[in-house]
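Student: For reference, the chains in residue letters:
There are 6 protein chains.
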Amino acid sequence: MHEPTDALAAPRFTGIRTFARLPHLPEIDGADAAIFGMPWDGGTSFRSGARFGPEAIRSASALLRPYNPAQRQMVFGHLSCVDAGDAPTVPGYIEETLTRIEAYAAGIIAQGAVPIGLGGDHSVALAELRAVAKQHGPVAYVQVDAHHDLWDSYNGKPYNHGTFAKRAIEEGLIDPARSFQGGQRGSLYGPEDYEVAAELGIELVPWLDLRSWTPEHFGEHIRDRVGDAPLFLSFDIDFVDPGLCPGTGTPEIGGPTGEQALDLVRALRGVNLVGADVVEVAPQYDSPGQHTALMAANVVYELLTLLAIAKA
Amino acid sequence: MHEPTDALAAPRFTGIRTFARLPHLPEIDGADAAIFGMPWDGGTSFRSGARFGPEAIRSASALLRPYNPAQRQMVFGHLSCVDAGDAPTVPGYIEETLTRIEAYAAGIIAQGAVPIGLGGDHSVALAELRAVAKQHGPVAYVQVDAHHDLWDSYNGKPYNHGTFAKRAIEEGLIDPARSFQGGQRGSLYGPEDYEVAAELGIELVPWLDLRSWTPEHFGEHIRDRVGDAPLFLSFDIDFVDPGLCPGTGTPEIGGPTGEQALDLVRALRGVNLVGADVVEVAPQYDSPGQHTALMAANVVYELLTLLAIAKA
Amino acid sequence: MHEPTDALAAPRFTGIRTFARLPHLPEIDGADAAIFGMPWDGGTSFRSGARFGPEAIRSASALLRPYNPAQRQMVFGHLSCVDAGDAPTVPGYIEETLTRIEAYAAGIIAQGAVPIGLGGDHSVALAELRAVAKQHGPVAYVQVDAHHDLWDSYNGKPYNHGTFAKRAIEEGLIDPARSFQGGQRGSLYGPEDYEVAAELGIELVPWLDLRSWTPEHFGEHIRDRVGDAPLFLSFDIDFVDPGLCPGTGTPEIGGPTGEQALDLVRALRGVNLVGADVVEVAPQYDSPGQHTALMAANVVYELLTLLAIAKA
Amino acid sequence: MHEPTDALAAPRFTGIRTFARLPHLPEIDGADAAIFGMPWDGGTSFRSGARFGPEAIRSASALLRPYNPAQRQMVFGHLSCVDAGDAPTVPGYIEETLTRIEAYAAGIIAQGAVPIGLGGDHSVALAELRAVAKQHGPVAYVQVDAHHDLWDSYNGKPYNHGTFAKRAIEEGLIDPARSFQGGQRGSLYGPEDYEVAAELGIELVPWLDLRSWTPEHFGEHIRDRVGDAPLFLSFDIDFVDPGLCPGTGTPEIGGPTGEQALDLVRALRGVNLVGADVVEVAPQYDSPGQHTALMAANVVYELLTLLAIAKA
Amino acid sequence: MHEPTDALAAPRFTGIRTFARLPHLPEIDGADAAIFGMPWDGGTSFRSGARFGPEAIRSASALLRPYNPAQRQMVFGHLSCVDAGDAPTVPGYIEETLTRIEAYAAGIIAQGAVPIGLGGDHSVALAELRAVAKQHGPVAYVQVDAHHDLWDSYNGKPYNHGTFAKRAIEEGLIDPARSFQGGQRGSLYGPEDYEVAAELGIELVPWLDLRSWTPEHFGEHIRDRVGDAPLFLSFDIDFVDPGLCPGTGTPEIGGPTGEQALDLVRALRGVNLVGADVVEVAPQYDSPGQHTALMAANVVYELLTLLAIAKA
Amino acid sequence: MHEPTDALAAPRFTGIRTFARLPHLPEIDGADAAIFGMPWDGGTSFRSGARFGPEAIRSASALLRPYNPAQRQMVFGHLSCVDAGDAPTVPGYIEETLTRIEAYAAGIIAQGAVPIGLGGDHSVALAELRAVAKQHGPVAYVQVDAHHDLWDSYNGKPYNHGTFAKRAIEEGLIDPARSFQGGQRGSLYGPEDYEVAAELGIELVPWLDLRSWTPEHFGEHIRDRVGDAPLFLSFDIDFVDPGLCPGTGTPEIGGPTGEQALDLVRALRGVNLVGADVVEVAPQYDSPGQHTALMAANVVYELLTLLAIAKA
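Protein chains in written order, with this note's numbering: chain A, -15 to 296; chain B, -15 to 296; chain C, -15 to 296; chain D, -15 to 296; chain E, -15 to 296; chain F, -15 to 296.
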């Protein structure tokens, strides 16, 4: 059982910065879940800096403790977790980088752990989905995000953080009929931008609709759509109101508070999570107190809690 | 038809920073709307820095795209828009500065475009109102703001960002009976501070009341009060909760989220907008991600959408 | 009658930074209320820096004006207030520091003023409570806070910002049966963490429950529980959503907005306030506009308003 | 004898922020020197914010101690000093502001203290010089600064931080034949910019020449030029390399280090100082550790040391 | 003759942010020199963010004036200059990006202007050199930089900001025998790292040697080595001490001050400059006053001065 | 042989942040040198925050490479090094904290490695010296620092960052006759402050004298004084000019550049180093690019180089 250093015995500002002060074990060693970083920002269309997202999330995660009172569930101690370090990346070469991240995630999966990725810009999700689909076949996919990332290309090129979800559907990595995107908002290129989701078969609920859903309704809706399919959940930190979580590359006005977003994740009790990530944390744009990174750490914590509940 | 550079062809972080990457055309050239800056902070009573507001708003506005899904309306491409550059200002000389800004705004109006000003501290609105009233006579006036700016003087002098609205009424630039102020909050000098609005004939709805209005109610209320009169809308960024939009000079705790504020602007479909501004953006106090400037850019975008709807 | 410099006569960015630009009178001189600083951060378990909290709150408090429209109450001018300076502290020596702060607060109380402390990490509240209890006996105690601070020890030591409330009960400084803690959230060490409150006899309402209370319900509930007992109110700034108030040492995702938190304080009209504090402001982690310090200044202002109402 | 709080008895981060923790005594009370603020930035041609310069310098000055080892001179304890608070200013009205600052400085002089001003943009020096010249007649004047501030007008107006020195000569406040400007650098409007100094009769030594002077040579040169005339010394913080002191409004690459600049001030032992200032500190642009404000506090400390030496 | 807006007529904080407030003319229109941006950071090995370098340099360049007193030379007004906007880039695709930048630079050269590039990470220099060499054949090349950028590959890939100079030699774009690298410092991979320069035939003078050279010696040495060959000069901002210019991606302790670095550029009077750049400005890491961007703007100004001298 | 991850194989922004990306091995495992953190700021007299110094230094140290060209010495690969994690600390309890740090350092020494500590405020050096002296007896001691830290007490208490060096002499941990302090500057409490060094028998060379020493002279002088005694070297980062290294708690104007400071450390070739530290890094006050932390990482690197030379 791998678990964090006890904060009542060693202050939380001490020790090497792994996620939640978990042991750093790239070889996984029987863990149920492995958190790993994807330090990459070559696929971002506006502000870069997300390559330092994993470092920032790890630093902020020192504040986490073992028990989740919102879910009445022990997380650490109950679920064996490790920090598996960072996947390799190559600045300037997005296609090669995706290949290397895929291999790294596949290695974690091969060791039997659920991979929880720390981004990095959202293009990395394509690599994770390739690794997950190789193991599980086309997966159910839930993405909360201010953008749908279903655009076709940017500047004439196919891979980046605004196109990866379309690529994932085209590559057969996800099953659109069991998949869902929510939280989209902000200006678009044209009215056809949201129509593409329907054409691709994936459900898209923009934020202006989603904001009236209760967490309970969200949970039920997702469970209905996903069923018992293996699920990959992708949490783009820009889903949260950037006034609260400013440390991200392509912010859009509006969105849930951090608390509301955590409520939505908590409502997913019962899904069959086989992989997840939290992406687009760009610490150079974060508040001095790194609230965005702290939020991302808490999202990971709620994801781990879902795994802990499933294991319980 | 003047419209922005296409972000799918040239990344949004490229190019000279005009508003929304529109062409910089001080001569207007037939545009429907002209965004212009008023780099001035000599009228502010606490934190200066708003002279760099126009630069910051332009920089953040690179994130805007042509279609507004909240209003189901094409904006750019449908409405011809330009960035008309900055009005001239003279540090230290508020009266001369107001004269120069007025002339600049009058020039835009004379070319047939609706002027949309980027502040600058709120005292600049007096100059805009003088220009607009010269063309249209006393206008309807809607101001959302944490302050009413109806004080009589500061330190013995008549012109600054806390007195301009009273001056505008005294000068006959606005028609109080068709005007409205909303969002006021925070401590005051005395109970008489809000009573002055009634004395001057302008409707004032403090935030503690306004916060329970739905956007629909707000829209109907304003349309009732304003009627089909030419309307000038002034959006003080400190209307928004300064925890979310910290980049401003005289913050007051509370207020709407950015999303709630945009909803209110969107609810004004149908008004006869002849001028508008977004003021009090002080980027030195903004979050590292310049969320305040981004919010201001989005308010301008919603104002342009109102014009686009009217044109449609 | 001690009151602030008039902002209409001297700009708010002028003058020595005392709280609200009140006179600096360590000797109190008949004031009804005395604001004083407790510059100490030796008891914090994560991010230090709160020793500069009093300076930051004083700086931000220049924005306050005499009349509180939310309570329809004159504050300054009606209530005589002073800034009593800072209590002495000794870096590295928490027990000696608590002794010195206690003596300083006791001196204020002996002069007949209600002490309003500016923190400083939360461990300072133990010193204040010792001073208040010496005068009034065990007091009613209301704490709004993301944490309950009822842990038993940290790293084997009894005094710090996470244990002071347990110490205060053990020392008989507060009457648990008339006391209340609200707002707790975030991960815990185990399910027993919240149970300790019941064991100690103090009521604890976690944020996930408290968030559905109206201010009116909160006010009634507290008045019922506290009765007419002398009340000490401790406001930990981390009660507020750290996305809005990031300048604090141990942030937890979620919590009320600043406006909601002020509403709760305002709802306490009628209590018998004999002391209060606002703690855990760490300006190094605050937004560039120091919104956290501004919020803290407004909380103090609402506390003064409660005193003003009681005097009226 | 007015002197600061002892840092060995009360930590330097405690107490109300007056200069060096001196008593705040606007009425002077027999002090030899009175430090006062001039919170004004309406005369700046680029970045505003210097209105918060006095606050920042006071905050940083908590680090000062009584003895100056570089000059082997006790300062505090030997010289009676007070913090006289801030001169009044009126945002937006430079001419009125200069009148009010002049009256404030004249009041200090009338009480027999040497006024040491904290800026504020450099235009305030005109007000100080008017007050000093009223008492002493045309004074010797030494200005170290990246700019000469001898331009004739900006945007058609006579008063601002780039023209005040020419105004001072024109008004007969300073005796050019006993005056000196050093440190000027950066791009100019044309070759005539530096020739104007000769035409006005004031000596100007640009930084590219001054940088090869030793402090000893500088001291002798100034003493030769100034003689025993009453001297006003104006230290523009932008004299120092803005890489080291970034918190200023119109930085120019190059200049001395802080240490070199202090050496130059120290070399002025023996002059007859009747007034001085340190200006152009804009804390919004300063390093997080507020090094610019700390430098300014140290310059004031060296100025006080010159007075202490003269008194010894 | 294209020249900047006059700062004595319109304040420097007004107007659209082009370089030095020059006209934005992508079509060049007969200009002698064209400043253009290369917003790209996909080739950086540590901290990203240089894609916003051009924006930051343009913003800071508002402080420039027409006359260079250090060289006694009018620059603007004498030399016709334009801001040619930004070259296109494609995030994630370094090879495609280099192709697009090359085409953009070639377009400027074809119009007869000397291209002055604003980076962007240093990999962009390969694109510029390809464009310049296409016109002029292998050019003389001078690079001042904390690194030599002669490494062979990173993470198995050939193109990035640490390998471009080796690629440029291999592609025959520069003539090593007429080329020079100076300023290298910091830790290396092994003793062979500096030997590779000799093997490639380019002269390399590490900073620990270069720091004892006078500007005059530097100028003579370069003129001797370069002769009258067409020269491309590449100024990596990390050449300057990162304590002074922190806004860069791979800082190395030490290096010249900004003033010393400008002296070196000034000493190059007489060279035959056919192209130049200033690279590696990453504004997210810059001081709040953006000193790094200001330094970069001044380097460009000195480069323009060299062109102005050559034209005179 | 423990050495860092190869940056040519894995980008420097990847991986868990240990010092220089060394393996994290608290058990040392035969290493020649062990870097360890001392996250403590309870002993600081002004700005706190140094508890995050070790994290910041580790993060910045990712930029280090194996070969030191200034010393022509391989460091990593030649010297086996590990990151031994952090010593335990207890906020609020300085005496207990010193005991725990001493035990941690003693553990490293017992394993045969040279301990290199990352501070933390300077009070931690007392703990290290106790551990070192237990092994070696009274050691030679060299401290470069803006302060001598020989004061007797603060606020009536004996242990803090300004008194530890006196305590170390009193406890017989260092041999004053073989010890040296250099770099002291800034204002003092009185002329006796520097005389205490002579009384205690330790050599003190203030910065105003030291600044004229060449590195060679410094090296010879230290070697003469220290001889072949086991040496502990303490490098307070505030020795460096705080304009360049602002991230520290009690800055004093002036001091060497980072480059000059590294030259001094390099000049110590030949000493018998048995322990060392770099202290007082407070990242909250550092430049956005964390130059202070980068400087500290380079000082550690030079210390390791001295060990590597001794091993060679």
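It should be emphasised that the hints constitute simulated quantities derived from the structure, not laboratory data.
Beta carbons are placed, not taken as given, at the ideal position from N, Cα and C, and that holds for glycine.
Hints are not guaranteed to be accurate.
Quick list of simulated restraints, FRET-style, between CB atoms [what the hints assert, rightly or not]: (1) Ala94(F) / Gly185(E): 28 to 36 Å; (2) Val180(E) / Gly96(A): 44 to 52 Å; (3) Ala(-7)(C) / Ala94(D): 50 to 58 Å; (4) Gly174(F) / Thr198(E): 41 to 49 Å; (5) Asp13(A) / Asn256(F): 38 to 46 Å.
Computed cross-link-like contacts, DSS-like style, restricted to lysine-lysine with a CA-CA straight-line distance of at most 25 Å [to be verified]: (6) Lys295(C) / Lys118(C); (7) Lys141(A) / Lys141(E); (8) Lys118(A) / Lys295(A); (9) Lys141(C) / Lys295(F); (10) Lys141(D) / Lys141(B); (11) Lys295(E) / Lys141(E).
Student: Would you mind marking each hint as holding or not holding in the structure?
Tutor: The hints, checked one at a time:
Distance hint check for Ala94(F) and Gly185(E): the Cβ-Cβ separation is about 54 Å, which falls outside the suggested range of 28 to 36 Å. Between Val180(E) and Gly96(A) the beta carbon distance is about 46 Å. The supplied range of 44 to 52 Å therefore holds. Range check, Ala(-7)(C) to Ala94(D): about 22 Å between beta-carbon atoms, so the 50 to 58 Å window is missed. Checking the proposed 41 to 49 Å range against Gly174(F) and Thr198(E) shows it holds: the Cβ atoms sit about 44 Å from each other.
For Asp13(A) paired with Asn256(F), a C-beta distance near 42 Å keeps the hint of 38 to 46 Å intact. With a C-alpha separation of about 23 Å, the suggested pairing of Lys295(C) with Lys118(C) holds against the 25 Å cut-off. Distance check on the hinted pair: Lys141(A) and Lys141(E) sit about 20 Å apart at the alpha-carbon level, within 25 Å; holds. Note on Lys118(A) and Lys295(A): the hinted pairing holds, with a Cα-Cα distance of about 23 Å set against a maximum of 25 Å.
Our distance criterion of 25 Å between C-alpha atoms is broken by Lys141(C) and Lys295(F), whose separation comes to about 43 Å. Between Lys141(D) and Lys141(B), the direct Cα distance comes to roughly 20 Å. Compliance with the 25 Å bound is thereby established for this hinted pair. Simply put, Lys295(E) and Lys141(E) have alpha-carbon atoms about 42 Å apart, too far for the 25 Å limit, and the pair is violated.
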